[in-house]
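One-letter residues, chain by chain:
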Amino acid sequence: SQQGEEDPQALSIQEGENATMNCSYKTSINNLQWYRQNSGRGLVHLILIRSNEREKHSGRLRVTLDTSKKSSSLLITASRAADTASYFCAPLEYGNKLVFGAGTILRVKS
Amino acid sequence: DTGVSQNPRHKITKRGQNVTFRCDPISEHNRLYWYRQTLGQGPEFLTYFQNEAQLEKSRLLSDRFSAERPKGSFSTLEIQRTEQGDSAMYLCASSSQTDRGFGYTFGSGTRLTVV
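Top to bottom, those sequences are chains P and W. Reading the first sequence from the start, the letters are residues 269 to 378 in the numbering used here. Reading the second sequence from the start, the letters are residues 607 to 721 in the numbering used here.
Isolated chain P (complex conformation) (with noise of 0.2 Å):
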């Protein structure tokens, strides 16, 4: 199982703003997934890209998968103070189970 990159390790920004995460991994994937971590609390899954997919879109988030590259990135728009959190990306191989990076801190300032 490989596991995802997660770029930057800290992003502080403010609320409204914008807020990109980039991940990098490996090898061939099934799907790539992101989760979110508040602190002290268990992950929530947020979204799902195949590797059939290039782009895909849920509420404020937006999530990019580049194959070719090997590399996907979250997109939050609009930042609220409770989107503050760590995200993980996850990619999946075939028939494989999830392997976690350490993930990105993302703090947005009210």
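Keep in mind that the hints were calculated from the coordinates and are not lab data. Just so you know, these numbers come straight off a predicted model, no measurement behind them. Hints may contain errors.
As the list claims (entries may be wrong) - Computed list of lysine-lysine pairs in DSSO-like fashion (alpha-carbon distance at most 27 Å, straight line):
#1 365(P) <-> 663(W)
#2 324(P) <-> 365(P)
#3 620(W) <-> 365(P)
#4 663(W) <-> 294(P)
Unchecked claim - A few chain P residues facing chain W, derived, Cβ under 10 Å:
#5 281
#6 284
#7 308
#8 313
#9 338
#10 352
#11 362
A virtual CB, placed ideally from N, CA and C, is assigned to each residue, including glycine.
Fit chain W to the given chain P structure using the hints.
Only chain W this time, still in chain P's reference frame:
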């Protein structure tokens, strides 16, 4: 079904004691996963089940750790002879093998403190 349930939420134990955690997955999910997370790190894979079969166990997992999923429903994770290094958040997640884009559902975790 209210999601993945983990008990207890918190556990403080003395070094050398045994502890057991329980996870109740979403009933329709046939896959169940255990992860461990320490401060500032992402969740680290421990083991996973498909129905009652334990399909994979991390090489990082010592023999003091054992997990079961009798009858393919709830799962327990036992740590024997706990050490201070076992202090962490233990997360359980479940998924459907035939998932159509819903990912894993995580519980709120059990925070273990070994003193």
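Evaluation of the provided hints:
no. : hint              : in the structure
1   : 365(P) <-> 663(W) : 11 Å, holds
2   : 324(P) <-> 365(P) : 22 Å, holds
3   : 620(W) <-> 365(P) : 33 Å, violated
4   : 663(W) <-> 294(P) : 22 Å, holds
5   : 281               : 20 Å, violated
6   : 284               : 28 Å, violated
7   : 308               : 8 Å, holds
8   : 313               : 4 Å, holds
9   : 338               : 19 Å, violated
10  : 352               : 16 Å, violated
11  : 362               : 12 Å, violated
Consistency note: the structure conflicts with the earlier hints numbered 3, 5, 6, 9, 10, 11.
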